[in-house]
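Protein chains in written order, with my numbering: chain Z, 1 to 290; chain E, 1 to 330.
Everything labelled a hint here was simulated from the structure, so no lab data went into it. In this text, a Cβ means the ideal position worked out from N, Cα and C, and glycines have one as well. Hints may be right or wrong, so weigh each one.
Claimed, not checked - Residues from chain Z that keep clear of chain E, each with C-beta distances beyond 10 Å, as calculated:
no., residue
1, W129
2, V179
3, V256
Unchecked claim - Rough simulated footprint, nothing fancy, chain Z against chain E, three-plus residues with beta-carbon under 8 Å:
no., region
4, 92-105
5, 108-114
6, 121-132
7, 247-253
8, 273-287
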Amino acid sequence: MTFEALVLQVLAGLATGSIYASLALALVMIYQATHLVNFAQGELAMFATYLAWSLINAGISYWPAFLITVGLAFVLGVLIERLVIRPVERAPVLAVVVVFIGLLVILNSVAGWIFTYTIKSFPSPFPEWMGVRYMAPHQVGAFGVTLIMLALLYLFFRFTPLGLAMRAAAQNPESSRLVGIRVGWMLALGWGLAAAVGAVAGMMVAPIVYLDPNMMGGILLYAFAAALLGGIDSPFGAVVGGLVVGVLENVLGAFVIGNELKLVVALALIVGVLLVRPSGFFGTVHVSRV
Amino acid sequence: MSRRALIACAVLLLAACVLPFVVTNYRVFQMSLVLVYAIALLGLNILTGYNGQISLGHGAFYAIGAYCTAILMDQAGLPYWATIPIAGAVCLLAGFLFGLPALRLEGLYLAVATLALAVSTPQILKSHPLEKWTGGVQGIVIVKPDPPAFLAAAGIKLNQDQWLYFFTLAVAVAMFALGWNLLRGRVGRALVAIRDHHTAAEVMGINTALYKSLAFGVSAMYTGIAGALGAIAVQFVAPDSFGAFLSLVFLVGIVIGGLASLSGALYGALFIQFVPNIADEVSKAAPWAIFGVFLIGFMYLMPVGVAGALRMLTARLTRRKLSQPKEAIA
Chain Z
1 MTFEALVLQV
11 LAGLATGSIY
21 ASLALALVMI
31 YQATHLVNFA
41 QGELAMFATY
51 LAWSLINAGI
61 SYWPAFLITV
71 GLAFVLGVLI
81 ERLVIRPVER
91 APVLAVVVVF
101 IGLLVILNSV
111 AGWIFTYTIK
121 SFPSPFPEWM
131 GVRYMAPHQV
141 GAFGVTLIML
151 ALLYLFFRFT
161 PLGLAMRAAA
171 QNPESSRLVG
181 IRVGWMLALG
191 WGLAAAVGAV
201 AGMMVAPIVY
211 LDPNMMGGIL
221 LYAFAAALLG
231 GIDSPFGAVV
241 GGLVVGVLEN
251 VLGAFVIGNE
261 LKLVVALALI
271 VGVLLVRPSG
281 FFGTVHVSRV
Chain E
1 MSRRALIACA
11 VLLLAACVLP
21 FVVTNYRVFQ
31 MSLVLVYAIA
41 LLGLNILTGY
51 NGQISLGHGA
61 FYAIGAYCTA
71 ILMDQAGLPY
81 WATIPIAGAV
91 CLLAGFLFGL
101 PALRLEGLYL
111 AVATLALAVS
121 TPQILKSHPL
131 EKWTGGVQGI
141 VIVKPDPPAF
151 LAAAGIKLNQ
161 DQWLYFFTLA
171 VAVAMFALGW
181 NLLRGRVGRA
191 LVAIRDHHTA
201 AEVMGINTAL
211 YKSLAFGVSA
221 MYTGIAGALG
231 AIAVQFVAPD
241 SFGAFLSLVF
251 LVGIVIGGLA
261 SLSGALYGAL
271 FIQFVPNIAD
281 EVSKAAPWAI
291 FGVFLIGFMY
301 LMPVGVAGAL
311 RMLTARLTRR
321 KLSQPKEAIA
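Assemble the whole structure, with the sequences as input and the hints as a guide.
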C-alpha cells in the first residue's frame, strides 16, 4: 500500500461519504421531529432520481432538471406526510415502522413498474476541469454540492424564522403550539426538506452506482449507520458519521478485506463503535426519569 | 386457559388435521409454510412483542437453522427429523451470544445492529471460506422426506406433502405449547416487566441481563427451528433467499398479527404467506405496490394488529372492560 493509493482511497471515501452524510442528515431531520427512522427515505431519493432522469430525457438540461426535481421531491415529501403518515401519528411505534416498510415496497415497485428494472446510466453535470490530482470531477462536484447544501440548511435553520419554528416544533411540540406555531405543518415541511435533501443525494450517487430501483438499499443502510454513529439526534454528527463511514468503507475495501466482505466488516465496525459509545460520537446521552 | 379458549384450540387443531385431505397438494404445501412462518413469528414475538427488544435481523437465525439442516442432511447424511433439534440448539447458542452485546443497545441502535446482521447474512453465506459447506451462491438441494414406513404399515396412506404438513404441524403444536407455558408464568411476567420498565424490573430483583439474553436465545431457537422446517419444505437453501427483506417481512408479520400475543403469530403467518399471492393476482405489473397498500391499510384499520383488533371486538361484543395491550416498544 503506497501513501498515494491511501490518499486516493480516503478522498474517494470522502466523496461517497458526503452522499451518505446527506441521506443520514435526511434521516436525522425526520428523527428529530418524530423520533422515528424513515425506512422509506432511500426509496424516496431513488424515486426522485428517476424523476430527474425523465426530465433530462425529455430534453431539459441538467441544472434546471436538478432544481425541478428538488422541488418535486419536496412536494412529494409533504404529500406523503399529510396523506400517509398523519393518519397513523398516534399509532404504536412499530405500526408506523410497518407503514414505512409499506411505503418502501410501494415506491420500489412503482419505480420498477414505470421505469423497468433495467439499469440506466445517469449523467454527471461536472466538467472535466473540476478534476484535481487525486479526485475525479464527479467526486469533487458531489462533495462540493453536498457542502453547499449543508451550508444552506444550516443557514436556514439558524437564521430564518421558519427554521426556528421548525426546530421549536421538533423540540417541544406542546409549547410551540401554545405560541402559535402550526406543529403539524412544520412536520410536513420537515418531511419535504428531508425528501429534497435525499433527492440531491440520489442524483449525486446515481452516476456512481447507476440508476435502478434497488440502488438505495445498501446506501440507506450506510446512512442509517452513519446517523447512529454520529448520534441520531445530531445533524452535525450525521455529517461526520457519513464521512467516517465512507472513508472506512473505501479504505477497508481497497486494502484490508477486498470488496466481497467490505459491507460486513464496515457494519461490524460500526456496531463495535456503538457498543462502546451507545449514543454515537455527538448524540446526547438519553436520561429518563424513573 | 379458559374453557372457551380450550374449545377454540381443539376446533382449530381438528380443522388443521382435516385440511390436508380436502385441498390440493399445492395448498397443503402452502399451509406447511404458514406453520413454519408461525413458529418463526412466535420466536420474534417473544423477543420484540413480549420483551421489547426490536430485531430486524431474524432472517439471519432463520438462515442459520435452514443451513444447519441442509448441511447435516447433505454432508452428514442425517435424517431430516434429527437435524431439527440440532438446528434449534445451534440457534439458541447463536442467539444467546448475539444477545450479550445487544444488551448494551436499545431501540434504534439495536434495530441497526440486527439489520446489519440481516444484510451481512447472504454475503457471509456466499463467502469463500464457507463455500465447501454452504455450496456458495448455488446453495444446497435436499430431498423431500417420505412418510415413515410404520404409517404405511398401519394402513395410513399419506403423500409427501401431507406427511410434511403433519410433521410441521406436530412441531408447531409442540412449540406453541412450549411458548404458552413459558410466557404465562414467572418467565413471561419477567419479560413483560423488563419491556414495560427496565429499571423497575431490575429493582424488583429480575436479572435483566440474563433474561434479555435468554429471550434472544429462545427467540432465535424458535426462528431457527422454523428455518430448518422451511428448508425441508422447499427442499432448497440459497444465500439470496435470506436477505434483509426476509427479516423485514418477519417484523411486518408480528406487527400485523398482533404484538405480544400467541395467536398473532398465526394471523401474521397467514398474512405473509397469502397476501403477496393476492397482490400478485391483483396486479402482475407491480405486485409489491399492492402488498404495500395492504400493509398501510391494515395499519390504518388495526394499528394494534389482528389479534389486538379481535380482542377489542370480543370485548365490545361481550361488553367486558378490556385491558388495553400495552405498546411494546417505546
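Annotated coverage of the region 108-114 of chain E by chain Z, confirmed only when three residues or more have a Cβ within 8 Å: Coverage by chain Z holds for the region 108-114 of chain E (5 residues, Cβ < 8 Å).
When I compare C-beta atoms, does the region 92-105 of chain E have three or more residues closer than 8 Å to chain Z? holds (count 3)
Beyond 10 Å from every Cβ of chain E: is that where the Cβ of W129 (chain Z) lies? At about 39 Å from chain E, W129 (chain Z) clears the 10 Å cut-off, so the statement holds.
Under a C-beta cut-off of less than 8 Å, do 3 or more residues of the region 121-132 of chain E approach chain Z closely enough to confirm the stated coverage? holds (count 5)
Annotated coverage of the region 247-253 of chain E by chain Z, confirmed only when three residues or more have a Cβ within 8 Å: With 3 residues closer than 8 Å to chain Z, the region 247-253 of chain E meets the three-residue bar; holds.
Beyond 10 Å from each Cβ of chain E, as asserted for V256 (chain Z): holds (15 Å)
Do three or more residues from the region 273-287 of chain E put their C-beta atoms closer than 8 Å to C-beta atoms of chain Z? holds (count 3)
Hey, does V179 (chain Z) actually stay past 10 Å from chain E on C-beta? holds (28 Å)
The structure meets every hint from the earlier list without exception.
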